[in-house]
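Chemist: Protein chains in written order, with full-length UniProt numbering: chain A, 1 to 121; chain B, 1 to 121.
No lab work stands behind these hints, which were simulated from the structure alone. There are no misleading hints in this set.
Heads up, the list lumps identical chains together, so a pair's fine if it works in one copy or across two of them.
Simulated pairs of lysine to any residue, SDA-like, Cα-Cα distance not exceeding 20 Å: (1) 25 <-> 112; (2) 25 <-> 105; (3) 84 <-> 31; (4) 25 <-> 13; (5) 25 <-> 104; (6) 84 <-> 110; (7) 25 <-> 110; (8) 25 <-> 107; (9) 101 <-> 89; (10) 101 <-> 10; (11) 25 <-> 109; (12) 38 <-> 88; (13) 84 <-> 96; (14) 84 <-> 21; (15) 84 <-> 111; (16) 84 <-> 37; (17) 38 <-> 68; (18) 101 <-> 21; (19) 84 <-> 19; (20) 84 <-> 107.
Listed here are the chains, written in short residue letters.
There are 2 protein chains.
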Amino acid sequence: MSNIHDKAYELSSALRDSEEFQQLKELHDEVEQDEVAKRMLDNFRNVQLELQQKQMQGEQPSEEEITQAQKQFEMVQQHEVISKLMQQEQQLSTVISDLNKIITEPLEELYGVPEENNGQQ
Amino acid sequence: MSNIHDKAYELSSALRDSEEFQQLKELHDEVEQDEVAKRMLDNFRNVQLELQQKQMQGEQPSEEEITQAQKQFEMVQQHEVISKLMQQEQQLSTVISDLNKIITEPLEELYGVPEENNGQQ
Ligand SMILES: [Ca+2]
Ligand SMILES: [Ca+2]
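For reference, chain A alone in the conformation it holds in the complex (with noise of 0.2 Å):
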């Protein structure tokens, strides 16, 4: 058990020094040092989990809500650093994805295929 602890934190050091989350932090203290920058992505991402709430509760979203968040989308992607900051969430979610992949492998040999295989077997 010690060992997969000290392994973990060896990862997650490696992580820290990587490429991919030095320029994540770079730019998301950017983001932070711009009140205009911060305020635009804090709106974004709470009209997001708004939306996000509503679908999980099977709720519809109305169609102000969807023209709003439409909106905001268009904003933030308009905005160089902040659409940086985003595509580099979305690079390190896809790190941390297939650091998964790998971690749990052994777990995957025992229960069968991965998950994304299974409707086609």
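Chain A is fixed; fit chain B with the ligands onto it per the hints.
Modeler: Just chain B with the ligands now, with coordinates in the frame of chain A:
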């Protein structure tokens, strides 16, 4: 990036060698080799899966389905090997969750308090 992958493979290997995983594998193989136990567990998992899918779609399971699920849960609980396997699966799930917390610490430092503390701040 390659260092992250190397560290993830080392962690995966440590997980495979761990007492926790080896015990899970032994119990899993024991059930696989016991036709009656295997059928009992498969039935239980299928009923659980159906109930989960209904819940996710916002549907209410029927009284019969709930009763059936409870009966099957009692059956697998009383089966020594299956109940041990399910306990071991729970333990592995806790291990994986702990590992994920360690690995994603850099991201939590960037984005704020961990999920479980959010409401309390
Ligand atoms: Ca199997
Ligand atoms: Ca922060």
